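Listed in order, the protein sequences are those of chains H and U.
Numbered as in this note's numbering, the first sequence ends at 563 without a single skipped number.
Numbered as in this note's numbering, the second sequence ends at 720 without a single skipped number.
The hints are simulated quantities; they were obtained by calculation from the structure and are not laboratory data.
Hints may contain errors.
[Unchecked claim] Under the rule of at most 20 angstroms between Cα atoms (straight-line distance), these lysine to any residue pairs were calculated in the SDA-like manner:
1. H/Lys432 with U/Gly704
2. H/Lys233 with U/Trp661
3. H/Lys233 with U/Glu708
4. H/Lys432 with U/Pro715
5. H/Lys334 with H/Lys432
6. U/Lys671 with H/Asp263
7. H/Lys334 with H/Ser457
8. U/Lys588 with U/Glu604
9. U/Lys671 with H/Pro10
10. H/Lys173 with U/Glu636
11. U/Lys671 with H/Lys233
12. U/Lys671 with H/Leu14
13. H/Lys432 with U/Gln717
14. H/Lys432 with U/Arg711
None of these values were measured; they are calculated from a predicted model.
Listed below, chain by chain, are the residues.
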Amino acid sequence: MTQEYIDAPPPVALGNLSATTGDAPPVTKDLTYERILDARSEPHNWITYYGAYDGKRFSPLDQINTENVKRLTPAFVFQSGSSGLHAGPSTYSFEAAPLVVDGVMFVSGWDGFVWCLDATNGQTLWQYKHAIPFDVSLCCGNVNRGVAVAEGKVFLATLNAHVVALDAENGEKIWDTTHGDVRAGESATVAPLVVKDMVIVGSSGGEFGVRGHLDAYNIETGERVWRCYMVPKPGEPGSETWPDDGEAWQRGGGNCWVTGTYDPELNLLYWGTGNPAPDFDGEVRPGDNLYTDSVVAVNPDDGTIQWHYQYTPHDLWDYDSNMENILFEQDGRKLLGHFDKNGYFFVLDRTNGELVRVTPFVDRINWGEIDAEGNVTTSVYPEKEGEEVHFYPGPAGGKEWTHACFNPETELFYCPVQDTGSTIARRRREFKEGMPYWGAHVIVDSEDMKGSVTAFSASTSEEVWRWETDLPMCASVLTTAGDLVFAGEPSGYLNALDARTGEHLWRFQCGSGHHSSPTTYSVDGRQYIAVPVGWGAWVEGFLPGMMGGPHGSAIFVFALPEE
Amino acid sequence: MLVARAREKQLSQVVSELGLDKQNKGTIGRLLNHGGIGQAEEGADGRMKIQVRIPEDELTYSPSITVMPHAGELEIEFFNDDTNTHCAQVPSNGDYQWIWLPNGSRGKVTVTLDGPGYYWYGSNVGNDEGRGLMGTIVVMGDVPEEARLDRPAQPRP
Chain H
1 MTQEYIDAPP PVALGNLSAT TGDAPPVTKD LTYERILDAR SEPHNWITYY GAYDGKRFSP
61 LDQINTENVK RLTPAFVFQS GSSGLHAGPS TYSFEAAPLV VDGVMFVSGW DGFVWCLDAT
121 NGQTLWQYKH AIPFDVSLCC GNVNRGVAVA EGKVFLATLN AHVVALDAEN GEKIWDTTHG
181 DVRAGESATV APLVVKDMVI VGSSGGEFGV RGHLDAYNIE TGERVWRCYM VPKPGEPGSE
241 TWPDDGEAWQ RGGGNCWVTG TYDPELNLLY WGTGNPAPDF DGEVRPGDNL YTDSVVAVNP
301 DDGTIQWHYQ YTPHDLWDYD SNMENILFEQ DGRKLLGHFD KNGYFFVLDR TNGELVRVTP
361 FVDRINWGEI DAEGNVTTSV YPEKEGEEVH FYPGPAGGKE WTHACFNPET ELFYCPVQDT
421 GSTIARRRRE FKEGMPYWGA HVIVDSEDMK GSVTAFSAST SEEVWRWETD LPMCASVLTT
481 AGDLVFAGEP SGYLNALDAR TGEHLWRFQC GSGHHSSPTT YSVDGRQYIA VPVGWGAWVE
541 GFLPGMMGGP HGSAIFVFAL PEE
Chain U
564 MLVARAREKQ LSQVVSELGL DKQNKGTIGR LLNHGGIGQA EEGADGRMKI QVRIPEDELT
624 YSPSITVMPH AGELEIEFFN DDTNTHCAQV PSNGDYQWIW LPNGSRGKVT VTLDGPGYYW
684 YGSNVGNDEG RGLMGTIVVM GDVPEEARLD RPAQPRP
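All chains should be modelled from the sequences, with the hints used to inform the complete structure.
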């Protein structure tokens with residue numbers, strides 16, 4: 001007997017079964033490259049990853065200031081949570097920097113989510129969900145660091161290494177370009193950067209032995225304009241820093257998983273690169289291993305490397321240098337400041353990469369020493385197979401990828417500091433494509449750790465003040481013209497500090513640890529502080545002592561009470 | 564390959580002997596992904612199709628593993644042969660596609676998956692998920708040549 005079936009109701013997009021309205025005002029339609037160049041002239045907006053190309057994470061907004069910050073209160077909370085089985089199921093969390101354009105927020109979450117929100121009340125205007133394979137290779141959790149917006153589009157790098165352009169008014173896909181090879185262990189977590197008519201996207205996959213690269217795509221078509229590999233082939237400049245008779249360069253690492261900064265006058269991108277691979281077994285890759293653990297100055301017109309500075313030659317400690325290179329000027333000189341995982345604060349001449357100053361910024365450093373001229377002497381590193389060594393800072397670094405900031409009014413840098421060690425032993429393994437390729441066993445300390453937000457003079461690099469914490473500080477900090485520094489803790493507290501003195505002024509318990517990049521904006525004259533929270537990602541690497549912390553996922557948005 | 568097939572056969576046999584391929588036999592539910600494997604058929608237009616059934620009292624999608632030969636568009640036609648109401652939340656670029664599957668119903672869902680890997684879907688209504696109504700869509704193949712790394716072929720496990 002043939003079974004008679006009734007028709008099931010037609011399928012629907014899951015987001016339609018929510019209070020999402022489905023459309024947003026056309027706020028990004030006229031958001032041009034010229035406006036991004038002059039981002040700080042529209043302080044009510046936060047239109048690019050760092051707020052402006054210079055990476056300062058400084059806002060001229062001053063409605064919230066040292067006098068009234070104690071009255072700061074939540075204006076709204078956006079939450080998503082987790083549904084079903086997704087990649088990296090134990091590790092999802094926010095790591096994004098929310099962008100805001102004329103009252104509309106664009107923010108990415110884990111597992112391919114992008115949300116467009118009313119920035120005054122958290123109403124979801126649209127959502128996009130990219131389908132991410134469960135088995136995609138992720139070194140550091142199911143995370144994404146944010147989106148870029150321009151010319152009516154939202155740009156997203158997905159965990160399965162695609163670059164997607166969405167219609168900023170409704171979240172509909174405009175183009176989708178494959179950016180990397182998931183079968184090779186590549187992924188993508190970076191917040192893209194729009195420069196001219198291109199969107200710049202870097203690779204992830206440093207723990208899987210990929211060959212890192214930085215790519216540019218045409219923002220209208222998604223066509224790749226150039227690709228710049230961060231490990232040279234034999235015969236190319238820098239190849240002399242790799243063994244000339246081996247295959248090490250093919251799996252050399254040097255990924256580009258954090259957004260770079262840009263100087264339009266010099267027409268140079270400053271992009272940080274990641275660890276060499278294998279992370280801890282240097283014997284298979286003798287040499288300095290360029291351009292890993294470096295800042296590379298890249299011409300955005302053709303993707304060529306103009307100069308480089310390597311912060312940790314021949315890295316044996318997983319000291320990626322992906323984190324920000326903050327652009328600032330002093331005595332008419334164009335400089336950049338960079339707090340490296342290796343525990344040193346570098347100031348370079350950004351016209352040519354010449355070292356200006358280098359000083360330690362974390363208390364415990366024993367892996368080696370960098371002298372005033374930049375010469376490196378190593379002390380503690382995994383050398384003999386199976387023999388454990390203990391070193392500071394651990395592989396998460398004296399500062400992780402999360403960002404420092406610079407306030408041009410106080411002329412101080414503010415750095416979230418992690419003071420944690422780690423035990424490792426070299427464990428050689430063969431390279432096999434798609435498999436983790438560390439060359440070691442690793443146990444990061446869960447005790448005897450501390451942190452701080454530390455302020456450093458832009459003119460001397462000397463420490464000016466320090467706000468100390470029991471746990472390492474793992475979230476980006478934000479500074480404003482209200483003379484404030486905002487800093488989230490792994491415990492869930494968001495803190496406001498006096499930018500000039502470090503005095504603690506206010507705190508709020510957000511219920512889950514901070515590992516993201518807060519931003520600020522204003523709508524109709526009211527200033528807001530947007531703070532993504534959620535504990536997960538690579539906790540075993542940067543703070544295993546908090547592996548059991550609450551795995552929340554929310555964006556808290558704060559403001560002063562309405563009169 | 565023969566060894567692998569023998570191991571798979573042995574695994575299925577042991578799962579069956581332990582009663583893990585039935586509801587409320589070896590344990591509370593049915594072991595995930597033990598509802599068989601099926602390959603989607605590709606049409607002339609490149610769209611792939613498969614039929615997936617929910618057999619009575621099995622709380623599983625059958626086949627519970629759908630194999631797509633490459634990335635692209637997949638049409639799944641669900642048949643609910645069970646005496647309870649279920650659903651399917653299936654990942655797709657843009658948003659999950661979600662469908663009610665009342666008792667004795669059939670319905671089609673079309674999804675787009677843009678690259679290799681495996682993707683979970685499930686019935687996210689009460690009673691269903693942990694008991695076994697989770698399915699996998701496997702996308703085989705490689706990424707486009709232009710997206711691959713410029714390096715010689717590398718050894719794989």
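Taking the hints in turn, this is what the structure says about them:
no.: 1; hint: H/Lys432 with U/Gly704; verdict: holds, 18 angstroms
no.: 2; hint: H/Lys233 with U/Trp661; verdict: violated, 48 angstroms
no.: 3; hint: H/Lys233 with U/Glu708; verdict: holds, 19 angstroms
no.: 4; hint: H/Lys432 with U/Pro715; verdict: holds, 13 angstroms
no.: 5; hint: H/Lys334 with H/Lys432; verdict: violated, 44 angstroms
no.: 6; hint: U/Lys671 with H/Asp263; verdict: violated, 52 angstroms
no.: 7; hint: H/Lys334 with H/Ser457; verdict: holds, 16 angstroms
no.: 8; hint: U/Lys588 with U/Glu604; verdict: violated, 34 angstroms
no.: 9; hint: U/Lys671 with H/Pro10; verdict: holds, 8 angstroms
no.: 10; hint: H/Lys173 with U/Glu636; verdict: holds, 15 angstroms
no.: 11; hint: U/Lys671 with H/Lys233; verdict: violated, 49 angstroms
no.: 12; hint: U/Lys671 with H/Leu14; verdict: holds, 15 angstroms
no.: 13; hint: H/Lys432 with U/Gln717; verdict: holds, 7 angstroms
no.: 14; hint: H/Lys432 with U/Arg711; verdict: holds, 16 angstroms
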